[in-house]
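A.B. asks: Those sequence lines, one after another, are chains A and B.
Numbering follows my numbering, with no gaps: position 252 of the first sequence is 252.
Numbering follows my numbering, with no gaps: position 226 of the second sequence is 226.
Honestly, I wouldn't trust all of these hints.
To be verified - When the alpha-carbon atoms are kept at most 30 Å apart in a straight line, the in silico DSS-like pairs for lysine-lysine are as follows:
hint : chain 1 : residue 1 : chain 2 : residue 2
1    : A       : K108      : B       : K82
2    : B       : K37       : A       : K108
3    : B       : K370      : B       : K324
4    : B       : K357      : B       : K302
5    : A       : K82       : B       : K108
6    : A       : K335      : B       : K37
7    : B       : K225      : B       : K82
8    : A       : K82       : A       : K207
9    : A       : K108      : B       : K250
10   : A       : K317      : B       : K62
11   : A       : K335      : B       : K250
12   : B       : K302      : A       : K82
13   : B       : K225      : B       : K241
14   : A       : K399      : A       : K370
15   : B       : K308      : A       : K62
Derived by calculation from the structure, the hints in this document are not laboratory data.
Number of protein chains: 2
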Amino acid sequence: MAKDKQVNQITDMEVDFAQWFTDVCTKAELVDYSGVKGLFILRPYGYAIWENIMNYLDRRFKELGHTNVSMPLLIPESLLQKEKDHVEGFAPECAWVTHGGEEELSEKLCIRPTSETLFCDHWSHIVHSWRDLPCLYNQWCSVLRWEKTTRPFLRGREFLWQEGHTLHATAEEAIKETEQMLEVYADCLENFMAMPVVRGRKTDKEKFAGAEATYTVECMMHDKKALQSGTSHYFGDGFAKAFEIAYMDKDNQLKAPHETSWGFSTRVIGGLIMTHGDNSGLVLPPRVAPIQVVVIPIASHKPGVLEKAEEITNRLKAAGIRVKCDVSDNSPGWKFAEYEMKGVPLRIELGPKDIEKGVCVAVSRADRSKTEVSLDGLEAAVPGLLDDIHNALYEKAAKNLRENTFDAKTLDEAKGIIEEKGGFIRAMWCGDLECEMKMKDAAGVSSRCIPYDQEKLSDTCAVCGKPADKMVIWGVAY
Amino acid sequence: MAKDKQVNQITDMEVDFAQWFTDVCTKAELVDYSGVKGLFILRPYGYAIWENIMNYLDRRFKELGHTNVSMPLLIPESLLQKEKDHVEGFAPECAWVTHGGEEELSEKLCIRPTSETLFCDHWSHIVHSWRDLPCLYNQWCSVLRWEKTTRPFLRGREFLWQEGHTLHATAEEAIKETEQMLEVYADCLENFMAMPVVRGRKTDKEKFAGAEATYTVECMMHDKKALQSGTSHYFGDGFAKAFEIAYMDKDNQLKAPHETSWGFSTRVIGGLIMTHGDNSGLVLPPRVAPIQVVVIPIASHKPGVLEKAEEITNRLKAAGIRVKCDVSDNSPGWKFAEYEMKGVPLRIELGPKDIEKGVCVAVSRADRSKTEVSLDGLEAAVPGLLDDIHNALYEKAAKNLRENTFDAKTLDEAKGIIEEKGGFIRAMWCGDLECEMKMKDAAGVSSRCIPYDQEKLSDTCAVCGKPADKMVIWGVAY
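In isolation and in its complexed conformation, chain A is listed as follows (with noise of 0.2 Å):
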């Protein structure tokens, strides 16, 4: 069969992971590549992972008061340019539109790589009085940066993504918003994509270009190495001051607010990939699968077998699963090997012996265990079988990220862990920028967070030896 030949060429992982996850993001149909180098286009099964993410964010943004709003593809040079630190990290990247119609423009405009600037400048017109405090925004867009090297999800000169950006009468405020959107990011990972992560802060090194702080989820992958899933980061009021945005308290005294931004993009997508997938495909968690269950008759020809399949994928559909039956004529096996690819969470199979029992076979695809089921009971059933596979899949990522996170007391057994095995190191870090990069430098990885859940592994920095009281995570990142 054709489909069986497609799903002999995929890589299997171990020989080459990189080939492994380009041949998933194809075959099971994700991905196009585009005429331009980055530019990806989100097949209708990728962009419906990307749907379910943008769904399950959106209504957390809305029940915490946050509304979206449109803010424009394009930004002025001179507006890019006021916050100083923000324009030298994003300048180098941008893509800039140089003619409109048939002139040239008397200003080049770069297609947004962030929008803070934007905000500011909307706010800078509209926030005059603590009642137009907080300003809770936030938007779904495509943004553009111009990278040398590119990959579906993980590196792309356009993403997609949604930019969180809100203005607050006080630092207190804006910092516990930062914190928790920070949250939000955290259980949409573990809670609907069954990703488990470490929380954390990062180093004035790696935060946001103009942040005074960066909260970062970090994940690790199946390679062990790092993914940065969602960040979310604090301004302070220099943003704010930058662009003369400054708004009269109630005690009559003229303030500028405090600032902060989020963002999560179709990165992660990549990150569900790398975390779940094997070597017959992509993996998907039941809560973000586009197709939670998949019905496949066996010997369709015999009487009755379509019409079984087609009454249980519709009372399935009535119970709120999203369900799909392939009565097309492929062969089961063909079906099987399909819907592995495309990682549907769970198979129902019905054969004409199974109907005659009044039972199906469930295959979970997470570890491919088989339950019989019966169909009286299917609806009910269906929905804790679901459960079993999300928390399956966590708690074989956990377990991954469990077993290969290594504490190292100085440079040398990092960089021997890192040779050895890979995976996270916990070290001890004086807050150095020196040390820092010497330990990019001689272990190749860079510091990912400054995690929540601190341990005082011992009293002095893993790379120059001075007291040191920040435990920090460390590993190789995509």
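On the provided structure of chain A, position chain B as indicated by the hints.
C.D. replies: For chain B alone, coordinates are given in the frame of chain A:
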């Protein structure tokens, strides 16, 4: 009060309709201007209207089997040039990216003005067999067209829209899709936005660049001008051939598939404003309104008033109504003006005397009519009141369309009508471009469409007197 002053700053529509429109856009807090001409910020209230339209259409599209995808933002110049008519139509208004990061690009890239070329390029990769058809795709995004004159909603250099793109095995199927999607737009405008439409086909002069046929829904605004509110295009197999898309049919013949596209944009929010608005501001039909009901407590310092107002707000919320209770310390008069400006369809006033009587007063934004409603029966009554407002707004707009559509037998007659009264002209047309141009030059009207509802007004063209079998609707268009 500051707010009363703000309200007073709205220009009367009879004095200056264009200025009235701009005033409503800004005072109702729908938009703000950005630093780039023609790129507008959709503020929370403006974007919430678009979100409601998106949700309505997205559900309809999916019910009809369409799936969402995401195409790249940028089109290489060489790709845009593949279809001759298409590039001629769009190249003059493209914005061009010439630099990425610190490098000049070897080929300039345009920001998508529309995505036919991107979809066709993608389809040329993935469509091989009749099994791959139909492709029923849609995307929600923004596009750029470098217009010379710009206005919020009506003519932006950037605007938000959805663009559906479909590929079919046969011409019949593609034409059916084109017509079906026009009907979806007509339904959304009439039944969701209370905007009556004229359905029809564009003349060759007015059709989309590269299309064989363009269908349109045209609406009449309060100033009797036309707004093209949604279009659906049939491309035949022209694009497929230009992009070398071919599929192997069941009969083992290689064939070119047939294509459609259809789009609906934030322009219709301009249409909503100009159809229903009045000199107190925006008027929103209830089904598309972000806030359907505003509850305003009267004499809210009196015991029990605030509590009762919040109680009925929660009851309406639980009944699925989008409701807001304004408990701020602004005066009732201030609040009345505020929510009239924002076009909230139904205002509920509740004071101590009402509570004593067990009633509240519901005031329609459409005609300010008041209804006393029993508090006990509030959830049951409000949906009916909202439907009444929808129907009243639709009927008012339909009357405007009916009473301002005139028949003309000659060019002079058409010219006289436009000069004296404005509105739509119905006139017979022979089909010649020359006559169409003469209508424009002499009477200042363009052909809006050849409506589905044809009537034989005479046997001869109103311009040249030659035989004519098409009745065309002409008007001044936004």
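A.B. asks: Now tell me, hint by hint, if it's right for this structure.
C.D. replies: Consistency of the hints with the structure:
Taking the CA atoms of A:K108 and B:K82, the gap is about 28 Å. The hint holds against a cut of 30 Å. A C-alpha spacing of about 13 Å is found between B:K37 and A:K108, which places the hinted pair at or below 30 Å, so the restraint holds. Between B:K370 and B:K324 the CA atoms are separated by roughly 19 Å; this keeps the pair inside 30 Å, and the hint holds. Under the criterion of a C-alpha separation no larger than 30 Å, the hint pairing B:K357 with B:K302 is consistent with the structure, at around 15 Å.
Of the pairs offered as hints, the one joining A:K82 and B:K108 holds, with about 28 Å between alpha carbons and a cut-off of 30 Å not exceeded. For a cut-off of 30 Å, the pair hint linking A:K335 to B:K37 is broken: about 53 Å separates their Cα positions. With a C-alpha separation of about 36 Å, the suggested pairing of B:K225 with B:K82 is violated against the 30 Å cut-off. For the hint linking A:K82 to A:K207, the alpha-carbon distance of about 19 Å falls within 30 Å, and the restraint holds.
Proposed proximity of A:K108 and B:K250 is contradicted: the alpha carbons are some 53 Å apart, above 30 Å. Between A:K317 and B:K62 the CA atoms are separated by roughly 15 Å; this keeps the pair inside 30 Å, and the hint holds. For the given pair, A:K335 sits about 21 Å from B:K250 by alpha-carbon distance, which is consistent with the 30 Å threshold. Simply put, B:K302 and A:K82 have alpha-carbon atoms about 51 Å apart, too far for the 30 Å limit, and the pair is violated.
Of the pairs offered as hints, the one joining B:K225 and B:K241 is violated, with about 39 Å between alpha carbons and a cut-off of 30 Å exceeded. A threshold of 30 Å between alpha carbons decides the hint, and for A:K399 with A:K370 the separation of about 23 Å falls inside it, so the pair holds. Between the alpha carbons of B:K308 and A:K62 the distance comes to roughly 26 Å, so the proposed pair stays at or under 30 Å and holds.
Checked against the numbered hints above, the structure breaks hints 6, 7, 9, 12, 13 and satisfies the rest.
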